[in-house]
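Could you slot chains B and C onto chain Z? The hints should help.
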Amino acid sequence: MTRPDFLIFAITVGSLVFFGGMAVLALSWSVREGQFRNLEHGSQTIFDPDEPIGEVTDRFPSNEE
Amino acid sequence: MNRGIILVIGFVLTFGSSWVGLVYLPYTQMQRLEPYSNELSNEVYPKPLEGSAADGRKIYIANGCIYCHTQQVRNAEFGPDIARGWGTRRTVARDYIYDTPIQLGTMRTGPDLANVGQRWSADWQHKHLYNPRMMTPGSIMPSFAFLYEKRPVDESTPDALILPGPWAEPGFVIVPKPEAKTLVDYLLSLNHSFDLPEARE
Amino acid sequence: MSADSFAVERARIDASTRLPVLVWFASALFWLVFGSLAALAASLKMHTPEFLGASQALTFGFIRPIHLNTVVYGWSSMAGIGTLLWLIPRLARTMLVFPKLLVFSAIVWNIGVLAGTVGLFLGMTTGIEWLEFPPFVPPILTFALLIVTFCGFATFRQRNERHVYVTLWYVLGALVWMPAVYVIAVTLCVYQPAPGVVQAATNWWFAHNVLGLWLTPIGVGAAYYIIPKVLGRPIYSYYLSIVGFWALALFYSWAGMHHLIGGPLPTWLVSASVVGSIMMFIPVLAVALNHHMTMVGNFHHLRYSPTLRFVVFGAMAYTVVSFQGSIEALRSFNVISHFTHYTISHAHLGLYGFFSMVMFGCMYYIVPRLTEWEWASAGLIRLHFWCSAIGITLYFVALTVGGWHQGMMAQDASIAHISQVEFTKPYLWARSVGGTLMLIGNLTFALLFTLNLMKLGKRRVGETTFRTPMKAVRVS
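Residue numbers (our numbering), protein chains in the order written: chain Z, 1 to 65; chain B, 66 to 266; chain C, 267 to 742.
Don't read these hints as lab results, they were simulated from the structure.
Given the structure is predicted, the values throughout are model-derived calculations rather than measurements.
Glycine included, every Cβ here is placed at the ideal spot set by N, Cα and C.
Worth double-checking, as some hints may not be accurate.
Stated by the list, open to error - Subject to a maximum C-alpha distance of 20 Å in a straight line, what follows is the list of computed SDA-like cross-link-like pairs (lysine to any residue):
#1 Lys242/B - Leu388/C
#2 Lys691/C - Pro197/B
#3 Lys691/C - Met200/B
#4 Lys123/B - Ala148/B
#5 Lys215/B - Pro229/B
#6 Lys123/B - Asn256/B
#7 Lys691/C - Lys242/B
#8 Lys215/B - Tyr457/C
#9 Lys242/B - Phe402/C
#10 Lys123/B - Leu660/C
#11 Lys691/C - Ile610/C
#12 Lys691/C - Ser208/B
#13 Lys112/B - Pro459/C
#14 Lys242/B - Trp396/C
#15 Lys123/B - Lys691/C
#16 Lys123/B - Trp396/C
#17 Lys691/C - His671/C
#18 Lys123/B - Thr201/B
#19 Lys691/C - Thr201/B
#20 Lys123/B - Leu324/C
#21 Lys123/B - Ser598/C
#22 Lys215/B - Ile656/C
#23 Lys691/C - Lys246/B
#24 Lys123/B - Tyr457/C
#25 Lys246/B - Gly389/C
#26 Lys123/B - Val384/C
Unchecked claim - Computed beta-carbon distance windows for the label pairs:
#27 Phe18/Z - Phe416/C: 54 to 62 Å
#28 Lys242/B - Met390/C: 16 to 24 Å
#29 His558/C - Glu115/B: 57 to 65 Å
#30 Leu105/B - Ala613/C: 16 to 24 Å
#31 Phe36/Z - Phe589/C: 27 to 35 Å
#32 Ile548/C - Phe18/Z: 39 to 47 Å
#33 Ala682/C - Asn256/B: 54 to 62 Å
Bound conformation, chain Z alone (with noise of 0.2 Å):
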């Protein structure tokens, strides 16, 4: 195998190892962990009583009081 096929090989090879094994490893990490159960809850978490579901929180700047 001359340097220049086995670079390919190795680059082409190499990256789907590394990113598609890094991607496998965190996906089961996610199911061992749940992750994937109750995901409704999941796209809730990132309101909280005070910045609740149903208020807006942004505006453009105003002189009101």
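Below, chains B and C without anything else, positioned relative to chain Z:
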């Protein structure tokens, strides 16, 4: 939990098998990338650049020629590069084995240069670099006059440029600096017309 | 916990990010202004080549990489890092760790970009697109980036919120992918250059992955937090957003080689990347559907929220540019568009229309919460938005139309190359007009940011919206 692991394994197998088919198997049919040598005629192609042309390549790179010019001839099914006279055959991987850093390019604001050494003379190249609009009216290529020196006529040298009619300034000549000379030597060396077997496919 | 205690906790968490985030943002805006000026110079030089044409330091071949590298590594990356350093503590509901170390990392990153830029002015380019900074720069940037990655994960480890929100997946992913991609790319292109076409393949794999695995996750991830947070409405289909993330994680890194379609690479390598590019339809569709459906019934809020305007514009641009990208990878399309200005219009729709606009939106939301001071002028905010939005639209339309025709003409060997060049000139002028508008928008924002930091501008009567943890006014 078990379902999760099975899902993960299934995903990996599906993904892995498609990539084996698309990537690994075709890979095993890949060409060798050594220079080609013809035993009958004793020719070896490609050869690494040497001397002035090798220095000129650095000037090409430093000035960012790649941002407007490519160095790759596409096959007829992709475009009429060959019909335009930009080459007699498409370029292939083997053409570039000594190119570091490679200057394939991604924009054709200007024409492709893979075989420009066969199209224009040194004299034309110098004048064109000095002021592209002098040789190609309407060109948007920047002027590389900073690679040249304007000197009084009595300090002229043999390689001074003779500017065409209205562009010439009486009493002055334009002399290429060393960077300009090596750059033109590099441009003249650009020739990928050697008949490689894989390029005939 | 009472509502107020949530507000107090959130204010404390925001405050822990104040110093590093503002330093990263201020640096980002400096590079945005610098990079935009270089951009305009480059654009003018394309149709008026004698403009500033006498000196080598300002020749197009120098200015173009200076523009690209300062807006990618200066503006985009620094704005992205500032944004994710604010997002991670918010989503993990914990204070940001080692803020002073993160300020140090910003200084180091700035040194890297500055040294690189000076190097480019001196002609020390590597000659490799997207990696032009001289060889002494990548170690500096990598060092700073690894500090950020480390602090991001260290903060995540101390999380008080058990659920990992989709945004957090995206930004943590980005913090892992970017160092890996960058180190591989500089090794194989700059330090141990692979010969010939292997280098080209790695080069473009890198350039595309900077978009897909660094900037896109930060931009898309941020939008997934900001849009629901501003609206007070959860993401339409959270399940779909998770699917979209995992699809991106698995498919994006293959798209990069489509840059070399028709070129001298082995066909299997290019085919693999075309497949990857098409598969990107899945996550893009997921994102598009989600953002649209979350906004449905709420588009009127665009009148009242600066943040929403910018982020939604960016999210829409993301959808357009991604579909455009997938289609560009198809051979029959690519034959026309390759090597033309069309590609440039695509790149700018992605980097400015999508990423920069999302960053602007995030900064409009984040900065007042850190400085506890309101933006000085609604009028200037509107000026920024309209200049940037109209500017990038004009830019995109001009080069898409011009580039497409350029490609069609290139397919006809009886049309001389110079005729192509003449044809594109009016479109290049239109691009300069669009680019000038974008520059005005950027300068306006830099001004607003400076006024905010200096606590200048119109005197506020009473509390600002964000000064104390009080309920935001419901806008109907």
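Status of the hints after comparison with the structure:
1. Lys242/B - Leu388/C: The given pair, whose Cα atoms are some 18 Å apart, holds under the 20 Å limit.
2. Lys691/C - Pro197/B: Judged against 20 Å, a Cα distance of about 16 Å means the pair holds.
3. Lys691/C - Met200/B: Between Lys691/C and Met200/B the Cα gap is close to 19 Å, so the pair holds against 20 Å.
4. Lys123/B - Ala148/B: With Cα atoms ~30 Å apart, Lys123/B and Ala148/B exceed 20 Å; violated.
5. Lys215/B - Pro229/B: holds, 15 Å
6. Lys123/B - Asn256/B: Holds: Lys123/B and Asn256/B sit about 17 Å apart, inside 20 Å.
7. Lys691/C - Lys242/B: violated, 32 Å
8. Lys215/B - Tyr457/C: Measuring from Cα to Cα gives roughly 39 Å; hence the hint is violated.
9. Lys242/B - Phe402/C: violated, 29 Å
10. Lys123/B - Leu660/C: violated, 37 Å
11. Lys691/C - Ile610/C: The given pair, whose Cα atoms are some 15 Å apart, holds under the 20 Å limit.
12. Lys691/C - Ser208/B: Distance of about 18 Å is within 20 Å: holds.
13. Lys112/B - Pro459/C: holds, 18 Å
14. Lys242/B - Trp396/C: With Cα atoms ~30 Å apart, Lys242/B and Trp396/C exceed 20 Å; violated.
15. Lys123/B - Lys691/C: violated, 30 Å
16. Lys123/B - Trp396/C: Holds. Lys123/B to Trp396/C sits at ~18 Å (cutoff 20 Å).
17. Lys691/C - His671/C: OK: Lys691/C and His671/C at ~12 Å, within 20 Å.
18. Lys123/B - Thr201/B: Answer violated: Lys123/B to Thr201/B is near 25 Å, above 20 Å.
19. Lys691/C - Thr201/B: holds, 15 Å
20. Lys123/B - Leu324/C: holds, 18 Å
21. Lys123/B - Ser598/C: violated, 35 Å
22. Lys215/B - Ile656/C: Violated. Lys215/B to Ile656/C sits at ~45 Å, over the 20 Å cutoff.
23. Lys691/C - Lys246/B: Violated, at roughly 31 Å.
24. Lys123/B - Tyr457/C: holds, 17 Å
25. Lys246/B - Gly389/C: holds, 18 Å
26. Lys123/B - Val384/C: holds, 19 Å
27. Phe18/Z - Phe416/C: 54 to 62 Å: Violated - the Cβ-Cβ distance for Phe18/Z and Phe416/C, about 19 Å, lies outside 54 to 62 Å.
28. Lys242/B - Met390/C: 16 to 24 Å: Taking Cβ atoms as reference, Lys242/B and Met390/C lie about 19 Å apart, which means the hint holds.
29. His558/C - Glu115/B: 57 to 65 Å: Taking Cβ atoms as reference, His558/C and Glu115/B lie about 60 Å apart, which means the hint holds.
30. Leu105/B - Ala613/C: 16 to 24 Å: violated, 48 Å
31. Phe36/Z - Phe589/C: 27 to 35 Å: holds, 28 Å
32. Ile548/C - Phe18/Z: 39 to 47 Å: violated, 21 Å
33. Ala682/C - Asn256/B: 54 to 62 Å: violated, 22 Å
Hints 4, 7, 8, 9, 10, 14, 15, 18, 21, 22, 23, 27, 30, 32 and 33 from the list above are not met by this structure, while the remaining hints are.
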